[in-house]
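From first to last, the protein sequence lines are chains U and V.
Just so you know, the first sequence maps onto residues 65 to 171 in our numbering.
Just so you know, the second sequence maps onto residues 65 to 171 in our numbering.
FYI, nobody ran anything at the bench for these hints, they're computed from the structure.
Virtual Cβ for every residue (Gly too), placed ideally from N, Cα, C.
Among the hints, erroneous ones may be present.
[Claimed, not checked] A few chain U residues facing chain V, derived, Cβ under 10 Å:
| hint | residue |
| --- | --- |
| 1 | LEU83 |
| 2 | ASP88 |
| 3 | ARG96 |
| 4 | PHE159 |
| 5 | LEU163 |
| 6 | ARG169 |
| 7 | ALA170 |
[Unchecked claim] What follows is a set of in silico ranges between Cβ atoms, one per label pair, in the way DEER data are often shown:
| hint | chain 1 | residue 1 | chain 2 | residue 2 | range |
| --- | --- | --- | --- | --- | --- |
| 8 | U | ALA158 | V | ALA158 | 37 to 47 Å |
| 9 | U | THR74 | V | PRO93 | 16 to 26 Å |
| 10 | U | SER109 | V | HIS126 | 42 to 52 Å |
| 11 | V | ASP156 | U | VAL94 | 23 to 33 Å |
| 12 | V | GLY143 | U | GLU77 | 49 to 59 Å |
| 13 | U | THR72 | V | THR123 | 33 to 43 Å |
There are 2 protein chains.
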Amino acid sequence: MESARARTLTHVEPAEVALQVALDALADPVRRSILRDLATHEDWSRACGTFDLPVTKATRSHHFAVLRSAGLIEQRDEGARRLNRLRRPEFDRAFPGLLAATIDRAD
Amino acid sequence: MESARARTLTHVEPAEVALQVALDALADPVRRSILRDLATHEDWSRACGTFDLPVTKATRSHHFAVLRSAGLIEQRDEGARRLNRLRRPEFDRAFPGLLAATIDRAD
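Isolated chain U (complex conformation) (with noise of 0.2 Å):
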């Protein structure tokens, strides 16, 4: 059964966010850190908790749900955990190259 903590969670599809909105979410370091470390691992591999921050828990979760109103995460719950995946594909279909030129190299 669902949880109420994931009705709550809502996406948007990459073809459906505009590149002011991409580019604002690529824009912050410690975003990028979080999609650079996602590209590296298996889709739904990563729980949000597993992530070394340098934020507080309030600031981490808004920089995931920022990368989701992004096009650029999905999540979903699997009991407390909170499971992320990089949307590669869709993303580089709706932005061609703007991942490959911020977060597969260095910063």
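We have chain U; now place chain V onto it with these hints.
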């Protein structure tokens, strides 16, 4: 003879620019419109005052300064006009694919 105004123009090599600075510069719709304009005109053919921008003169100057600091444009004064060039080849070398993904497409 170089004017005092021209001497105050500071340029930054794209190779010296951090990805964060490049993304901050590109994550603004007015600055992207300036870059698209430059991308479709000959080098040095566009003076700052000729851009049709929905901003004050001070904000306009700020946008051009940000673009210069991010290694995206080169400027030079010719009489009362400040001419511009998109630093496409050198920026593309420093950030492969980033301009293609941001200004070679619509917003």
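Hints and how they fare:
| no. | hint | result |
| --- | --- | --- |
| 1 | LEU83 | holds (5 Å) |
| 2 | ASP88 | holds (6 Å) |
| 3 | ARG96 | holds (8 Å) |
| 4 | PHE159 | holds (6 Å) |
| 5 | LEU163 | holds (9 Å) |
| 6 | ARG169 | holds (7 Å) |
| 7 | ALA170 | holds (8 Å) |
| 8 | U:ALA158 x V:ALA158: 37 to 47 Å | violated (25 Å) |
| 9 | U:THR74 x V:PRO93: 16 to 26 Å | holds (25 Å) |
| 10 | U:SER109 x V:HIS126: 42 to 52 Å | holds (44 Å) |
| 11 | V:ASP156 x U:VAL94: 23 to 33 Å | holds (27 Å) |
| 12 | V:GLY143 x U:GLU77: 49 to 59 Å | holds (51 Å) |
| 13 | U:THR72 x V:THR123: 33 to 43 Å | holds (39 Å) |
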